[in-house]
Amino acid sequence: MKLPAYAGALVATALITPLTVVSATSAAQAAAPAAGVRALPSVNMEALVKAAQIDPRRPDDTLTPGAKAGVLLVEQALRDRRLLDKKWVDGYFGTTTVTAYAKFQKSLGYTGLDANGMPGKTSLAKLGAGRFTVTRVITPGSRVTVEGGFVLNTRTRSMLAEAERLLGRDLVLEQGSYNPGGDPTSAGTHDGGGVVDISVKGMSAATRESAARALRRVGFAAWVRSPRQGDWPWHIHAAAISDTDLSAQAQHQTGDYYLGLNGLAGRGPDDGPKVPIRTWEEYQRR
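For the sequence shown, this note's numbering begins at 14 and goes up steadily by one.
Hint data in this document are derived by calculation from the structure and do not stem from the laboratory. Beta carbons: idealized from backbone N, C-alpha and C, even for Gly. Where hints are given, some of them may not hold.
What the hints assert, rightly or not - For lysine-lysine, the following PhoX-like pairs were computed, each having C-alpha atoms within a straight-line distance of at most 20 Å: (1) 134 - 116; (2) 81 - 99; (3) 119 - 139; (4) 81 - 100; (5) 100 - 116; (6) 81 - 119.
Unchecked claim - For each label pair, taking beta carbons as the anchor points, the in silico distance ranges come out as: (7) 146 - 239: 43 to 53 Å; (8) 212 - 100: 21 to 31 Å; (9) 246 - 74: 36 to 46 Å; (10) 244 - 144: 24 to 34 Å; (11) 247 - 283: 11 to 21 Å; (12) 215 - 287: 18 to 28 Å; (13) 74 - 212: 23 to 33 Å; (14) 287 - 55: 41 to 51 Å.
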């Protein structure tokens, strides 16, 4: 028997509706576990690395702006690994936390610059597994050899290229990075990455100042050094802020730069051009 048209429509609706209900129910059941999963907090690596450079050089316990939450998460993870006493879980990335982080890096099998106490991309991700995620990641990049046979990392090379563009002239290196023991007067600052010495031969005092200013603008802690300050000729010394391959000595210099000091052992007042302090990553986002 042939059904009337309206009856056929009712049958079709009856067949379709249960399927729709089942599909909606299945989707809701599938979504339920996901809704119950707690989102992990995040650590801003840029802020964390700033604190690791600045806090150990502070004369007090002032916290680095924007870093407290991330530092606390890292310190809690170090505490739970029995690498940091709970009394030091305070949001302040001082020398005790730097030492604890270096111990964690060594527990991963890292040595040398990879165990310098400065949070690196890989070690930070491993420390945060299941605890926190990492945002605003910093990487120094691979090592490259540039004109003159000097070794840099790609982050430093990019920073120098941009400083040259701003200055409108090439910069000639006298010493590169990753040069342990290469120059005793450098006091270990060139042992790691991110640090260069630049020739000022043929530059006027004004041009030297302009070069230091351009370097600072792109994220270097840069100073014009004179023979009056040490056993060296005139040159510009520049350390790339927040380079995670910085030697301990260079970390101290960048921390001092933030605190308005000249990066020398005597910790005198900064004598360089006054520009807003920013990292390479911040410069790129300006």
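**Request:** If any of the earlier hints don't hold here, list their numbers in rising order.
**Result:** 6, 8, 10, 13, 14
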